[in-house]
Structures are given as C-alpha cells and as structure tokens.
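Read off the chains here:
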Amino acid sequence: MDAVLPALSLILQPDVLWVIALSSLFGLFVGAMPGLSATMATALLVPVTFFMEPVPAIAAIVSCTAMAIFAGDIPGALLRIPGTPASAAYADEAYQMTRKGQGELALGAGLVFSVLGGLFGVTVLILGAPVLAAFALNFSSFEYFWMALLGLTCAVFISPNAPVKGVVALLLGLLLSCIGIGASGGHPRFTFGSMELTGGVPLIPALIGMFALPEIIRFVLSERAVLTIAQKKIGNIFRQQAELIRRYWRGLLRGSILGTVIGAMPGAGADIAAWVSYATSKKFSREPEKYGTGHVEGLVESGAANNSALGGAWIPALVFGIPGDSITAIAIGVMFMKGLTPGPMIFLNNPEMLYGVFIAFILANLLMLPFGWAAIKCAGQLLSVPRPILMPVILLFCIVGAFASNNTVFGVVTMLVLGVAAYLMEENRFPIAPVILGLVLGPMVEENFINSMQKTLGDPIGFVSRPIAGTLAALTILIWFSPLLLRLWRRARMQPQMR
Amino acid sequence: MRVNDALFGIALLALAIFVWLHAAGFPKVAGTAYGPAFFPQVLALGLAASAALLIWRGMKQATGGRFLQLETWAREPGRWFGLLLMLSCLVVYALLDEILGFHITGFAITTVFMIYLGVRPWLALVCSLGTVIVIWLLFARLLLVPLPGGVLTPYLW
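Going line by line, the protein sequences match chains Y and X.
To convert, take the position in the first sequence, counting from 1, and add 1209; that gives my numbering.
To convert, take the position in the second sequence, counting from 1, and add 69; that gives my numbering.
No wet-lab data here; the hints were simulated from the structure.
Please note that a few of the clues may not be correct.
[Unchecked claim] Pairwise CB distance ranges, derived in the manner of DEER restraints:
# : chain 1 : residue 1 : chain 2 : residue 2 : range
1 : Y       : Met1554   : X       : Leu207    : 33 to 39 Å
2 : X       : Ala99     : Y       : Pro1669   : 19 to 25 Å
3 : X       : Leu206    : Y       : Asn1445   : 35 to 41 Å
4 : Y       : Leu1666   : X       : Ala118    : 25 to 31 Å
5 : X       : Ala121    : Y       : Thr1680   : 46 to 52 Å
6 : X       : Pro146    : Y       : Gly1337   : 20 to 26 Å
7 : Y       : Ser1674   : X       : Gly94     : 58 to 64 Å
It should be emphasised that the depicted structure is a prediction, and the values quoted were computed from it without experimental measurement.
C-beta atoms are modelled at their ideal positions from N, C-alpha and C, and glycine is treated no differently.
Go ahead and model the full structure; you've got the sequences and the hints to work with.
The structure is reproduced here in structure tokens:
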C-alpha cells in the first residue's frame, strides 16, 4: 500500500489528467459510433500511446475503453444499432424502452449501472490481483508455459464460433509470432530475406489492421441507410435510478460478479459477459415475460456486466501477462513496448505503476458520470456525424498510426495485408481475438517451453511433476478434450433412452 | 464473401506443408531436438490437423456443390469498385508516400475516398485538408513522427 501515494502523484499530473480526459472523449465518440468498436478505439489509440510514459499510456487505454463500452449503449437505445458489440445483447430492449417513451430511463440505467459495474470490476482487480500475484511468484517456466497454454486454450473454447476455427485463428497468430528473430535463439525465421521482417510482425500495424480496417471495409460494402434517431430530446436521465438500484440490487451484483469472472477468462470479454448476463437475468427474473418488450431489468444486469468485465480482464493480464480479452492483449503489447513485462514481478518492482493503473480505472469510472451525461445530452449531434466523412478520416489515421510504429511504409503494408486477411476471416466466422493472443503470447509459450526443456535436459516429465504445473496441465488437457467427453457423455445418456 | 470451409482447409493445408518444409531448413542446435524449427513444425502439425477437420466439415456442408457464397453486396459492381478503391488508396499511399509526401498523398486519398462515399466535392476537399493538417500537427509536431514531407519538404516549417 506504500505505493498508493507515489501512484497518486503519477496520475494527478496535469498532462496525465489531460490524457485521461481526451482519451475518454475519444472513447465516448468511437463507442457511440455504430460500427466502430471499443477494440478499434484502443487499436487507434495505441500509436499515440507509443509516445507516452507507461502510466499515461495505460491510463489512456483504460479510460478510453471504459467510456467506449458505456457509449455503445447510446445508439443502441436511440437507433437500435449497438455502438459496440458489448451492447448488442440488450440494444433491442433499450430501443423498445425508448419507443415506449422511457428513453431517459434506458440511457440513465446504461450509464449508472456501467459506472457501478465498472467500479465493482476495479475493486475485484485491486483486491484480487496482489493476492494472485503473491501466489504466482512461485511460478517457474513450467507453470508459465501451462498458464500461457491455458490462456490460449480458453481463448479458443470460449469463442462462440466452432472451436476448430478458433484453433486455426490461434495457430495463425502463433505462426505470425514465429516470424523474425525472436525466441528461436538468433536464427531469423520466415523472413524471406526481408530486413524489416527480422524484427518480427510489428504489433501496432497488426492491431490496427485486424481491428480497424475490417470495420472500414464492412462500411464500404454495407448498405448506407439513413439513420433515424428514435428520440431527439433527452430529459433527466438520473431520475428513478436510485429506485432501480434499490429494486434490482441483486441483478446488479450478479451482473457485476459474472462480468468480472467472464472478463477474467482469457478470450472472453465485455460482449460475451453482456450476452451471458442478459440471459441469466431473464432466467432469475420474476417477470421474464417482459423481456424483449422494453424492460429495464436486463439492461441493469448486462450493462453492469460489460463494464465490470473490463476490470476483470486486467486481472490475468497484470498477474500472469495473459490477456483476458482483445483489449488487454493490446494493452500487454503496449506494456512490452514500454519495457514493462506484465507478471507478478511488476507487483514487486513497479507497484506505483500498478496502483497508477488502478487509480486511472477508478477515475475513468467516476468521470464516466459527467462525461456520459454530456454524451447522452449531445447524442443527437453525435450520432448525426456523417460516416462518409468519418471513415476516410479514420483510414488516414490508421495509415499514419501504422507508419508511426517503425517510421516506414512497411507498417502500412502490414496493416493492409493483415486487415484484408482479418476481414476475410471474420466473414467466414473465424474469430480474430485468438490471432492477437497468439501473436502476443507466442514468444512466451516458446521461450518457457525451451527454457523448461533445457532445465530438465529434455525430459518432459518436468512439465507435470511440480504440483501447480501438474494441476494446470490437467486442467488444460481436460479443456482440450471437453468437446469429445461431452459428446461421449451425451451419447451414453441417449443410449438407455433408445433401448 | 463466404467461402466453403473445405476451400479454407485446402489453403491452410498448403500453408502447413509449406511451413513444415521451410522450417526443416532451419539450422539444428547441437544436443537438443528443440531448435528454431521445433515450434513452427508443431504449429504446422496442428494447422494440418485443423485443416483436415475443416475440409471434412466443408464437404459435409457443400450440398449441391456450392463452394462460394456471395452476399448481396457482391452482386453489385459498385461495391466491388468501392472495395477496390479503398484498398488502392492504401497501396497508392504506400507507393507514393516517400515521393510526394504525407500531405499530398494523404489529402488525395482522403478526398477521393470521401467523394466515392457520396460527400460533396467541396466538402470533401475542406474536410480532407482539415484532417491532413490535424494529423500533421498531432503526429509530426506533437509526437515527432517523421512523416515524409516529400516534394513539400522545403515549404514545411
């Protein structure tokens, strides 16, 4: 706790506060724009954070994403189009409320419960991460190998698509991580004589390419319908919110807990948290028949869940260096670029930085109330920003961002190639998050495997002989075979019925 | 554009074979089997297995022999043109950035893209100019990214 004061002095600098305020506004804007996701906001922010100190860089990402996830609710309620995938679960419900004349209630609930859920996620992060980190200090290369593998495994199996497509995406990401001189002991791999590839696939252009370019391509190919806003003038959004907290405190708590847990699982982020919470809310509700007709209860629970997932996702990211979602995968990439290796050592060596991140998180969630209120008030103007102007601007921003990482056009080419590939993959239901996880975690898996093998002189038994390593191994392998076991179990259950 | 899983599988299988063979040429590390080739070859094996599964899935799905499914947009030539135009903007930027510089290339591609998307030409010109100036100030002046000045270098402050 001695680090809290130095951390406060790191955050409460005028320039850091400016960074937080500006990235919050940026996050609100991008999140509120249909078709632009929170992950895209983060990817576009990375080239700018590249030039900052570590604490403002991470604070920028944290505040931008928190705002973007909330702001996704605004077009959901007013246009029936979720601003980010995290609001998709309840966009229709919120829109139905607006149609019934309850726009203020829907938008207010989105804001208030996002703040409460976000603060819950941060609290769990602050209390849980140091405890886990103390435990993780006992880890050696064997445990880290399994942790990385477990993280990658979860990423594949949690994705809503067919697991085999998740596996393919992951393997492609891991293959990309092999390019260049990396963990391979000085031998350049897959560089084909290119000097630029010896440094590996540059992360920033890869991120921009995979998360921003597909959105622009989709916009070019989509029908450009005129958007009609369901309610132009927004009244007092805070009325009745206290009543909602009193009535649905159980849902708020359930959504926040579920969101944090789902966020902490590698590969699952705010969007999955919102879907699961919405379904859970309906299941436990006393009035499930009202769901889908413009009922606020589901909004309360899943609105809290998607923001608490953000805090949850940082737990494995900070403690083990394993990202909980694609946003933290980007953040881990940024930390590496800043010379910080996420993991338990950071709790010993850079506690002030860590508490700086925590404080930034709390600050971002508190700032969300006034900023979010202002965004809702200006929703009419915000949503009428013409996208035919916005998209080319974003494209140029992408180009410059990709260029800025190495100051060469190579970055732009990388962005183009990976962007088109990501678009084709997404169109064919291959998830993109595992590619990024593979790209970021690939060197960790390979290095820890080779180091472990050198320690045991090539004897693989070392990977399972230590108790924690053995448990992690069993867990990982169990998840690998879970689809097969589930299928066998179902068949066994079916057979007695058939007889 | 939806491609049948089997076609994806075949492409991935080809990639897996290529990776395996290419990695086989990496130097061996004396005394251990785990040299630079080990990890890529394990990945290639995984990729080949997944590819086989995709081919099998794809063959099951492909009833009536349809391997390529085009969305509604793909039947409109205008959309293809838009996609091609956007991607060419990026290629043109990559090719001309060093010669013409960020300002001219950036301004040109943003204007063209905006006009294609239906923005009125004068508005597109004004917005593109504004964008180029803002990005220049942010990246080149504030963050000190050496965006190439190209032919305009002598006139930039």
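Results of checking the hints against the structure:
| no. | hint | result |
| --- | --- | --- |
| 1 | Y:Met1554 x X:Leu207: 33 to 39 Å | holds (35 Å) |
| 2 | X:Ala99 x Y:Pro1669: 19 to 25 Å | holds (20 Å) |
| 3 | X:Leu206 x Y:Asn1445: 35 to 41 Å | holds (39 Å) |
| 4 | Y:Leu1666 x X:Ala118: 25 to 31 Å | holds (29 Å) |
| 5 | X:Ala121 x Y:Thr1680: 46 to 52 Å | violated (32 Å) |
| 6 | X:Pro146 x Y:Gly1337: 20 to 26 Å | violated (55 Å) |
| 7 | Y:Ser1674 x X:Gly94: 58 to 64 Å | violated (35 Å) |
Violated hints, listed in ascending order, are 5, 6 and 7; each of the other numbered hints is respected by the structure.
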